[in-house]
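**Student:** Residue numbers (numbering that gives the first Met the number 0), protein chains in the order written: chain A, 0 to 232; chain B, 0 to 232.
What the hints contain is simulated information worked out from the structure, not anything from laboratory work. Small disclaimer: the values here were computed from a predicted structure and weren't measured. Incorrect hints may have been included.
Any copy will do: because identical chains look the same in the list, a pair fits if it lies in one copy or spans two.
To be verified - In the BS3-like style, the derived pairs of lysine-lysine whose C-alpha atoms are separated by at most 30 Å in a straight line are:
1) Lys68 with Lys39
2) Lys68 with Lys198
3) Lys102 with Lys36
4) Lys110 with Lys68
5) Lys68 with Lys152
6) Lys73 with Lys46
7) Lys39 with Lys110
Number of protein chains: 2
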Amino acid sequence: MNLLLLESSDFNSDGTAVITGRRCRQLVDVIRATAGKRCKAGILGGKCGTAEILNITPNECRVNFTPEKEPPAKHDIVLIAALPRPQSLCKVLHCATTMGVRKLCFIQTFKVEKSYWASPRLADNEIRDELILALEQCGDTILPEVSFFRTFKPFIEDELENLATGTRLLGDPAGTPAEFQEAATLAIGPEGGFTDYEKSMFYQHGFTPVSLGERILRTEFAVAGLLARLSLK
Amino acid sequence: MNLLLLESSDFNSDGTAVITGRRCRQLVDVIRATAGKRCKAGILGGKCGTAEILNITPNECRVNFTPEKEPPAKHDIVLIAALPRPQSLCKVLHCATTMGVRKLCFIQTFKVEKSYWASPRLADNEIRDELILALEQCGDTILPEVSFFRTFKPFIEDELENLATGTRLLGDPAGTPAEFQEAATLAIGPEGGFTDYEKSMFYQHGFTPVSLGERILRTEFAVAGLLARLSLK
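Isolated chain A, as found in the complex (with noise of 0.2 Å):
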């Protein structure tokens, strides 16, 4: 936890906050926290800043928090994943958004295994948690937005042009050197790959192949990798 991020559900009505559970857990253990010492901190969807530590215990912390400036800009990527397995997913979610995607949407391939989709590391509350955690590792308060789309072809026919931004870019080992895009769609295949109908489609909708190389990486090296190099600057 780089970050100690407060909801506003945690403030109480004399403007201080008060936190029980995992995060307080963490100040106690790891970042060792004793009245009046001062930590990063951020309000969940809006500006970073400071907190002091009013009191704590094992239980409970009662914080002051300061805020100070924006957090860190998002980069203008929008990432689609081929639906990995469940255990992946939660690598995907906390890759993308430590490295500050904005928009991620997971889809049905071929090659996407059925029983990926009944997962409960699907639900709402399991998504967000994962994305809270990812949010308090790099420093930020602003959850990216993630969707699913459980079938192909609705999703490129009729949804990719409403959410797709910037260079339309397919990941793919043959395809040339990523580089730096000021915006862009980003899209993963599933293990086994796209199929080449379903590149086919990529393809017909604007989408050039991207690649880091000849070696096949793992999904969530492979977007930590792409997503490096499109956001050089």
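For chain A, the structure is supplied; the task is to place chain B on it using the hints.
**Tutor:** Chain B in isolation, oriented as in the chain A frame:
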């Protein structure tokens, strides 16, 4: 498994290779291999090529391997990472290997918990297993060199000059944007970062801080992102 990795011990005197255990199960379960099918394969430490399945049961598979080409070139990058917690070590090993790092060095720093050095994950055979999985993922056959240095000062004073190659870079959210390097040595701190003393030692040895932006990333995603930037070509 995107490449079936064969070892010299798999080969019989008739030139065919016999595979059992995990690799055989993956051929059966994931690749759905049957007699006559072909898959990408390689010899550990040698060439990439094609394996033709001669016969296969759930427990044993016999293949005929034809070497065709050199494995993908490694990047001339040496990665120096503060020893991460054991689960993260596996991810860093996997990420750096799949992204083609030539040499990995894990070091002690002030903020590395001593208990990490006692993890069974550091055993030679555990490290080798992780590297093999990574080679199978990315389609490479050459193991990177992996070394461990349990004390910081002897490492930085006595070992670093022999290990380092190319531009010397220290990952730091406050650094300048990481960009392509023909050859590079990249140092990555622990959770909580290098101490000022440790940074000053790296600076004395010619390192400069490089960044992916102000966001603080998990070690494995910082590694993935920085490697993607350094290897852009």
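**Student:** Does each hint hold? Answer for all of them.
**Tutor:** Cross-check of the supplied hints:
{"no.": "1", "hint": "Lys68 with Lys39", "verdict": "within (11 Å within a copy, 52 Å between copies)"}
{"no.": "2", "hint": "Lys68 with Lys198", "verdict": "between (42 Å within a copy, 28 Å between copies)"}
{"no.": "3", "hint": "Lys102 with Lys36", "verdict": "neither (35 Å within a copy, 41 Å between copies)"}
{"no.": "4", "hint": "Lys110 with Lys68", "verdict": "between (44 Å within a copy, 29 Å between copies)"}
{"no.": "5", "hint": "Lys68 with Lys152", "verdict": "neither (42 Å within a copy, 39 Å between copies)"}
{"no.": "6", "hint": "Lys73 with Lys46", "verdict": "within (14 Å within a copy, 43 Å between copies)"}
{"no.": "7", "hint": "Lys39 with Lys110", "verdict": "between (43 Å within a copy, 19 Å between copies)"}
Checked against the numbered hints above, the structure breaks hints 3 and 5 and satisfies the rest.
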